[in-house]
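**Q** For the protein sequence lines, the chains are A and B, in the order given. Everything in the first sequence is counted per full-length UniProt numbering, starting at 1 for the first residue and increasing by one. Everything in the second sequence is counted per full-length UniProt numbering, starting at 1 for the first residue and increasing by one.
No lab work stands behind these hints, which were simulated from the structure alone. Keep in mind that a hint or two might mislead.
As a list, the in silico DSSO-like pairs of lysine-lysine whose alpha-carbon atoms are at most 30 angstroms apart [stated by the list, open to error]:
(1) B:K77 x B:K96
(2) B:K159 x B:K44
(3) B:K77 x A:K77
(4) B:K147 x A:K147
(5) A:K159 x A:K146
(6) A:K159 x B:K20
There are 2 protein chains.
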Amino acid sequence: MAEPNTKRVKTEYELIYWPKVPGRGEFVRLLFEDAGVPYVDISKSESEAVPNVLGLMAPDNKGDSNNPPSFACPALKHGDLVLSQTPNILLYLAPKLGLAPTEGNGIYQLNQIVLTILDGLSNEPHETHHPIAASAYYEDQKPEAKKRAKSFIEERLPKYLAYLQRVLDGEASGDGPWLYGGKLTYADLVLFQGIDGTQFAFPKSMNKMRASGKYDGVFRLYDAVKERPNIKAYLTSDRRCAYSDGIWRQYPELEDEN
Amino acid sequence: MAEPNTKRVKTEYELIYWPKVPGRGEFVRLLFEDAGVPYVDISKSESEAVPNVLGLMAPDNKGDSNNPPSFACPALKHGDLVLSQTPNILLYLAPKLGLAPTEGNGIYQLNQIVLTILDGLSNEPHETHHPIAASAYYEDQKPEAKKRAKSFIEERLPKYLAYLQRVLDGEASGDGPWLYGGKLTYADLVLFQGIDGTQFAFPKSMNKMRASGKYDGVFRLYDAVKERPNIKAYLTSDRRCAYSDGIWRQYPELEDEN
Numbered sequence: 001m002a003e004p005n006t007k008r009v010k011t012e013y014e015l016i017y018w019p020k021v022p023g024r025g026e027f028v029r030l031l032f033e034d035a036g037v038p039y040v041d042i043s044k045s046e047s048e049a050v051p052n053v054l055g056l057m058a059p060d061n062k063g064d065s066n067n068p069p070s071f072a073c074p075a076l077k078h079g080d081l082v083l084s085q086t087p088n089i090l091l092y093l094a095p096k097l098g099l100a101p102t103e104g105n106g107i108y109q110l111n112q113i114v115l116t117i118l119d120g121l122s123n124e125p126h127e128t129h130h131p132i133a134a135s136a137y138y139e140d141q142k143p144e145a146k147k148r149a150k151s152f153i154e155e156r157l158p159k160y161l162a163y164l165q166r167v168l169d170g171e172a173s174g175d176g177p178w179l180y181g182g183k184l185t186y187a188d189l190v191l192f193q194g195i196d197g198t199q200f201a202f203p204k205s206m207n208k209m210r211a212s213g214k215y216d217g218v219f220r221l222y223d224a225v226k227e228r229p230n231i232k233a234y235l236t237s238d239r240r241c242a243y244s245d246g247i248w249r250q251y252p253e254l255e256d257e258n
Numbered sequence: 001m002a003e004p005n006t007k008r009v010k011t012e013y014e015l016i017y018w019p020k021v022p023g024r025g026e027f028v029r030l031l032f033e034d035a036g037v038p039y040v041d042i043s044k045s046e047s048e049a050v051p052n053v054l055g056l057m058a059p060d061n062k063g064d065s066n067n068p069p070s071f072a073c074p075a076l077k078h079g080d081l082v083l084s085q086t087p088n089i090l091l092y093l094a095p096k097l098g099l100a101p102t103e104g105n106g107i108y109q110l111n112q113i114v115l116t117i118l119d120g121l122s123n124e125p126h127e128t129h130h131p132i133a134a135s136a137y138y139e140d141q142k143p144e145a146k147k148r149a150k151s152f153i154e155e156r157l158p159k160y161l162a163y164l165q166r167v168l169d170g171e172a173s174g175d176g177p178w179l180y181g182g183k184l185t186y187a188d189l190v191l192f193q194g195i196d197g198t199q200f201a202f203p204k205s206m207n208k209m210r211a212s213g214k215y216d217g218v219f220r221l222y223d224a225v226k227e228r229p230n231i232k233a234y235l236t237s238d239r240r241c242a243y244s245d246g247i248w249r250q251y252p253e254l255e256d257e258n
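Please build the complete structure, drawing on both the sequences and the hints.
**A** So this is what it looks like as structure tokens:
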């Protein structure tokens with residue numbers, strides 16, 4: 001019998017996330033996919049995913065000698081390490097996957113952009129359908145959701161897109177379509193997913209934003225990521241999960257004029 | 001004439017934040033204060049603070065050759081570097097100020113805890129008084145704020161406190177009152193401010209949480225930070241800003257039973 005390949009197991013990346021929604025797990029997946037680095041995605045097995053996620057957040061889960069417990073998923077297991085919080089997982093992974101500088105202050109400048117994209121194109125879209133209580137049904141907070149969505153579409157979304165266009169127009173973005181330093185980084189992948197999810201949730205509004213011509217750089221970047229060979233292959237594979245009742249939800253009444 | 005002391009200027013830390021509220025700037029201040037490291041706090045000069053903050057977020061501010069622009073304050077200037085996003089500024093500062101490990105994966109485990117505290121005890125408290133639109137007056141979203149506050153007090157706040165108690169009960173927290181590794185880190189300072197602000201906003205609810213005995217470790221940590229000599233001196237100094245209409249606001253109607 002061959003010796004067990006413990007080294008491989010030790011360095012294997014494992015993503016723990018809910019099944020059947022792209023959600024916040026998608027930001028993590030895109031890094032692996034673009035880098036072409038294998039990862040185990042627990043969400044693909046519903047029978048494994050739900051117990052794993054619930055176990056992560058269980059009241060008696062106090063972590064271990066190396067790891068504090070997690071508040072929520074996604075979580076990443078890498079050898080003995082267990083990490084949670086989306087921007088934190090990305091921060092850990094990106095330099096290892098060749099998607100962020102391994103030296104200097106560039107990682108902080110990328111983290112700043114990534115935190116802002118996650119705020120504007122992931123956290124705030126979630127608030128549009130759950131402005132009162134994350135634990136309650138959308139159907140029980142529809143009037144409030146309608147108001148929050150109006151404020152998101154009319155004020156917040158243009159504000160975030162204008163910021164991202166400012167980043168692209170700035171000198172620090174360098175040449176080419178990318179956000180930072182003239183080459184693709186994980187921030188570009190995060191932007192792609194934020195735009196893609198928000199387009200699913202608010203298709204009419206996002207079409208208007210694109211047509212306005214004010215954020216051409218942002219949409220050019222989105223298109224450029226979509227054409228990257230590994231991303232293109234991923235998006236048409238069965239590893240890419242369809243949108244449903246997750247962070248980005250399509251409730252047409254939230255963007256229709258009254 | 002003496003040569004200008006360019007070295008000192010280059011290494012000086014400068015915090016850019018709104019005047020007259022502790023706000024998110026307070027998390028940054030506490031790191032400097034506990035470490036006893038001098039910093040320039042622009043918020044203390046109202047005539048300087050407002051133009052600085054507005055300049056940071058201005059539509060024509062595209063950063064410079066080293067720095068992408070900022071979406072919002074707080075921002076930190078350190079030499080040629082300009083960084084924004086609260087958890088990002090803290091991540092940059094903490095190892096330099098002796099408040100986080102400079103090697104290994106501890107920084108990611110701390111960042112995970114810090115991001116969660118900021119979500120639960122800073123971002124979500126802000127949502128309680130502005131659940132519909134950050135740009136609108138509280139007075140124009142009072143019924144929705146009342147509902148959101150109820151959900152925060154009854155569900156979210158206990159959930160976050162239980163998580164923090166789990167961290168403290170876990171092995172990775174080590175000995176003593178601290179969250180990670182048996183010694184004070186920046187996560188403890190962030191927890192202190194989160195609890196302090198939430199106590200200001202929801203005094204009755206937080207008293208009940210303390211009296212419940214379920215989160216004794218959390219409140220013991222809070223008390224321990226408050227007694228640290230540099231923090232104690234800071235809290236009674238005129239550098240500590242009183243709470244007012246910022247992140248943490250005291251609207252008694254938001255916690256009174258109907």
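**Q** Hint by hint, note whether the structure agrees.
**A** Against the structure, the hints come out as follows:
1. B:K77 x B:K96: Given pair K77 of chain B, K96 of chain B holds - Cα atoms ~14 angstroms apart, limit 30 angstroms.
2. B:K159 x B:K44: Judged against 30 angstroms, a Cα distance of about 35 angstroms means the pair is violated.
3. B:K77 x A:K77: The hint is violated at about 35 angstroms.
4. B:K147 x A:K147: Measuring from Cα to Cα gives roughly 14 angstroms; hence the hint holds.
5. A:K159 x A:K146: holds (19 angstroms)
6. A:K159 x B:K20: Status holds; Cα separation ~25 angstroms.
When held up to the earlier numbered hints, the structure conflicts with 2 and 3 and fits the remainder.
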